[in-house]
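Numbering-wise, the working numbering comes out as the position in the sequence shown, counting from 1, plus 13.
Derived by calculation from the structure, the hints in this document are not laboratory data. Treat the hints with caution; some may be incorrect.
[Claimed, not checked] Only pairs whose alpha carbons sit at most 25 Å apart, straight line, appear in this in silico DSS-like list of lysine-lysine:
| no. | residue 1 | residue 2 |
| --- | --- | --- |
| 1 | K331 | K311 |
| 2 | K238 | K167 |
| 3 | K123 | K134 |
| 4 | K134 | K115 |
| 5 | K30 | K83 |
| 6 | K134 | K100 |
| 7 | K239 | K168 |
| 8 | K100 | K115 |
| 9 | K123 | K149 |
| 10 | K264 | K214 |
| 11 | K214 | K183 |
| 12 | K100 | K147 |
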Amino acid sequence: MKSEPNTMKRRLLLVQKLLYETTDEQHPLNTFEILDYLQEQGIVTNRKTLKGDIDLMVECGMDIITVQSKPNRYFWGARSFEQAELKLLIDAVSSSRFITLKKSKDLCRKIMALSSTSGKKELQRNIYATNRIKSKNESLLYIVDTVNEAIIRKKQITFQYTEYAPDKKKILRNDGEIYTLSPYALFWNEDFYYVVGHSEKHDNISSFRADRICHIGLSEENAAKKPAGFDLDRYSRQIFEMYDGDTVRVKLECRNELMKYVIDRFGETVETEIATETTFYAYPEVALSPNFYSWLFKFAGEIQLLSPEKAREEYIRKAESVLREF
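All chains should be built: construct the whole structure from the sequences, respecting the hints.
Listed below in C-alpha cells is the structure:
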C-alpha cells in the first residue's frame with residue numbers, strides 16, 4: 014500500500030493533469046466528476062480534501078478557476094497559448110514546404126497537446142489537407158540543429174549541396190564538392206529556410222537552401238568573424254527582393270486594383286498618388302535587377318514602368334528578348 018505522502022503527491026499530479034488536459038472555461042469539471050476520476054485511478058478521497066488540494070495548487074501559482082456552485086466546478090484558466098494562436102502555428106506548420114509531411118503531422122500533434130480536450134477537437138476539425146508541395150528531406154531538423162550549434166559555438170560547418178538533373182534525379186553539385194561555411198544566421202524566405210554565412214571558397218557572404226544541404230558536419234575550425242555592420246535584413250532583401258545593389262527611385266503607373274500587390278512588395282510606406290480614375294502612381298526604391306523586372310512582367314502591362322528612362326529602356330529590351338524567343 015502506498016504511503017500517505019506518496020498518495021497525496023500522486024493525487025495532486027492527477028488532478029493537475031486532468032484539469033490541464035481536459036478543461037477550459039466552456040468545459041469545467043465538477044467536484045464529483047473529479048472524485049470519480051480519482052477513484053478510477055485507485056485513489057479514494059472526499060470533497061474537503063479535493064478542495065484543499067486545489068487551493069494548494071492555486072497557492073503554488075496554477076491558474077485553476079473555481080466556479081462557485083453546488084457542486085463547485087473547476088477549469089484551467091490561462092494557457093501559454095490562446096486557441097487562435099495555436100491555430101496560427103498549426104497553419105504555418107501545415108503549409109510550410111520546408112517541413113516534411115511526416116514532421117508536419119508530428120509538430121501539429123504536439124501543438125494541439127497545448128490545448129484542452131475540446132480545444133484539440135476544434136483544432137483537429139480545422140486542419141485542412143491541401144496538395145501543398147512538401148520537402149522529402151527527413152534530415153532537415155538535424156541540419157538546422159547542426160547549423161544552430163555552429164552559430165552558437167562560432168564554428169564552421171562542412172556539407173555537400175544538391176541540385177536536380179533533367180531527369181529529376183537529385184545529384185551532388187560540382188561532383189560532390191565539400192563546401193565550408195562560417196554560418197551567421199538561419200532565415201526563412203518564401204517557404205524555404207536558408208543558411209547565410211562566409212563561404213571559404215568564394216571569400217564572401219553566401220546563402221544556401223537548408224533543404225538542399227546534405228552530409229553536414231560540425232567542424233572544430235573557428236568560424237570567420239562576421240563582417241562589421243553586416244545586416245541580415247538588408248542582405249536578405251538584396252538577395253530575394255529587389256534591392257540587389259544600389260537602388261533607384263522608379264515611377265510606376267498601376268491599375269487601382271493592384272494596390273494590394275504594390276503594398277505586399279514594397280510595404281505600406283511606399284509613396285503613392287492618384288493618377289487617373291483607374292490608376293495610381295507608385296514611387297518605390299528598387300535595384301534594377303532581374304527580380305524587379307520579373308515582378309513587373311507578372312502583371313502583363315497592368316503596371317507600367319515610366320521612369321527613369323534607363324530602367325524603361327532595359328524593361329523594353331527584356332520584353333523584346335522574350336518575344337524573339339517565341
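Hints versus structure:
no. : hint        : verdict
1   : K331 x K311 : holds (13 Å)
2   : K238 x K167 : holds (9 Å)
3   : K123 x K134 : holds (14 Å)
4   : K134 x K115 : holds (20 Å)
5   : K30 x K83   : holds (23 Å)
6   : K134 x K100 : holds (12 Å)
7   : K239 x K168 : holds (12 Å)
8   : K100 x K115 : holds (19 Å)
9   : K123 x K149 : holds (21 Å)
10  : K264 x K214 : violated (40 Å)
11  : K214 x K183 : holds (23 Å)
12  : K100 x K147 : holds (20 Å)
Comparing the model with each numbered hint stated earlier shows that hint 10 is the single one that does not hold.
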